[in-house]
Amino acid sequence: MKLVFSYFIFPGFLFTLLLGGWGWWLERKLTARFQYRIGPPWYQNFIDIMKLFYKEQIIPVEANKTLFVLSPIISFSSVVLLSLMINQSYFYGRGFVGDIVVILYLIIIPSLFIILGGIASSNPLATTGSAREIKLMLSYEFIFIVSLIIVIIKSKGVISLEGIMDYQQKFGSHLWSISGAIGFVLSIFYIQAKLGIVPFDVSEAEQEIMGGPFIEYSGPLLGFYKLTKAFLYFILPVLLILLFTGESLGWHLIYKYLIMIVIISVIKNTNPRLRIKDILKLFWFLFFPLGCVGVVLAIIGY
Amino acid sequence: MGLKEKILTKSLWVYHVSSGSCNNCDIEILDCLTPRFDIERFGMQLVGSVRHADVILVTGAMNKKSLKRFKRVYEQAPKPCFVVAVGTCSCSQHMFRPSYSMEAALDEIMPVDVYIPGCPPKPEAIIAGIVKLIEKVTRK
Numbered sequence: 000m001k002l003v004f005s006y007f008i009f010p011g012f013l014f015t016l017l018l019g020g021w022g023w024w025l026e027r028k029l030t031a032r033f034q035y036r037i038g039p040p041w042y043q044n045f046i047d048i049m050k051l052f053y054k055e056q057i058i059p060v061e062a063n064k065t066l067f068v069l070s071p072i073i074s075f076s077s078v079v080l081l082s083l084m085i086n087q088s089y090f091y092g093r094g095f096v097g098d099i100v101v102i103l104y105l106i107i108i109p110s111l112f113i114i115l116g117g118i119a120s121s122n123p124l125a126t127t128g129s130a131r132e133i134k135l136m137l138s139y140e141f142i143f144i145v146s147l148i149i150v151i152i153k154s155k156g157v158i159s160l161e162g163i164m165d166y167q168q169k170f171g172s173h174l175w176s177i178s179g180a181i182g183f184v185l186s187i188f189y190i191q192a193k194l195g196i197v198p199f200d201v202s203e204a205e206q207e208i209m210g211g212p213f214i215e216y217s218g219p220l221l222g223f224y225k226l227t228k229a230f231l232y233f234i235l236p237v238l239l240i241l242l243f244t245g246e247s248l249g250w251h252l253i254y255k256y257l258i259m260i261v262i263i264s265v266i267k268n269t270n271p272r273l274r275i276k277d278i279l280k281l282f283w284f285l286f287f288p289l290g291c292v293g294v295v296l297a298i299i300g301y
Numbered sequence: 000m001g002l003k004e005k006i007l008t009k010s011l012w013v014y015h016v017s018s019g020s021c022n023n024c025d026i027e028i029l030d031c032l033t034p035r036f037d038i039e040r041f042g043m044q045l046v047g048s049v050r051h052a053d054v055i056l057v058t059g060a061m062n063k064k065s066l067k068r069f070k071r072v073y074e075q076a077p078k079p080c081f082v083v084a085v086g087t088c089s090c091s092q093h094m095f096r097p098s099y100s101m102e103a104a105l106d107e108i109m110p111v112d113v114y115i116p117g118c119p120p121k122p123e124a125i126i127a128g129i130v131k132l133i134e135k136v137t138r139k
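Residue numbers (numbering that gives the first Met the number 0), protein chains in the order written: chain A, 0 to 301; chain B, 0 to 139.
Heads up, some of the hints might be wrong.
[Stated by the list, open to error] Pairs of lysine-lysine, PhoX-like flavour, derived with a Cα cap of 20 Å: (1) B:Lys9 / A:Lys225; (2) B:Lys135 / B:Lys78; (3) B:Lys3 / A:Lys225; (4) A:Lys225 / A:Lys267; (5) B:Lys9 / B:Lys78; (6) B:Lys131 / B:Lys3.
These aren't lab readings, by the way, just hints derived from the structure by calculation.
Based on the sequences and whatever the hints tell you, model everything.
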């Protein structure tokens, strides 16, 4: 019973959904305030998702039906699993050795199945969006792995989330060292690209390719993608908080999460959309050398 | 009034079809998104794909060429989906009625839920029209 409660309600499904949807709303509201608008009410994202679940479901005739239907569901379920793992180790300290590697695998699955769903819908614009997402993935996942390596080296080779938290509680957060700060900055750009918001939203650019991979999705399947995004809005900032500022946890989560959302929306609203060429250049020729410098500094001990 | 209608009217996603209009109505629709009118506070969003749409805004007089396309767009939209005619052209063909390329007015072919007359209608008028649409949906 306690296990069921912890899976479905408190650190699990419902909790993540509420906080993620709320964080997403906060980002939308801040965007609106940046543009001197009023912005949507606080329940907007929940209402949008609820509405999508009773709209009509259309499956294109030329689509690969199995893949088209399965990919939103698989991406959503992988995100639920991810939220369970991260929240369990955050709130209860339950984890296992090497769970950071499992997280690394699971965190790729949503993007992968967005790409597959886009290609399965057999729409030229969706295919364009998927191709762009592939190139984005090649750049941002790479950077995230580099910053994870920095964290692992800093915490003396521990590869479990719980171990990293313990290490930081004993010896202070990684953020307050030079290499840790480099890793944190790189991971913030990773979040930006992973959530698909400006400056890295080429894959679903509403103005040029009309939503990219999501163009043929309607009704419940689009709702699953929106749920995935709401979950990612909670998971990614919490993962970063856990990896880099693990010194003080517990109720400190509240203001740290707010600060992360504010950082994300400030970057979103002060930058134009980059072209895919520029994104690759930025990630491979600027951020990757920076990450290498971070790794070297972490080995030396700064 | 059911819960479904209440939820639907709180998050209307709008798709914009221009069937050869003179661009005035389109500019007025875009005005609704600007800081002065900001329809996002009512949960409305302009979406790029008709698969996500709840409301289709039609501007311009429907001529023979664009009618075929508009029928296809309407069939692709997931139901429930509402059609709103913006501007006098799409309401009643305006001065293009005797033209050779006009077959019929929009509402003789499609079920139109709300008419917003004006050449072009003000953003306030468009918002008032959407409010009428919401009243109509929730009264059902």
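Hint check results:
| no. | hint | result |
| --- | --- | --- |
| 1 | B:Lys9 / A:Lys225 | 17 Å, holds |
| 2 | B:Lys135 / B:Lys78 | 16 Å, holds |
| 3 | B:Lys3 / A:Lys225 | 19 Å, holds |
| 4 | A:Lys225 / A:Lys267 | 19 Å, holds |
| 5 | B:Lys9 / B:Lys78 | 16 Å, holds |
| 6 | B:Lys131 / B:Lys3 | 18 Å, holds |
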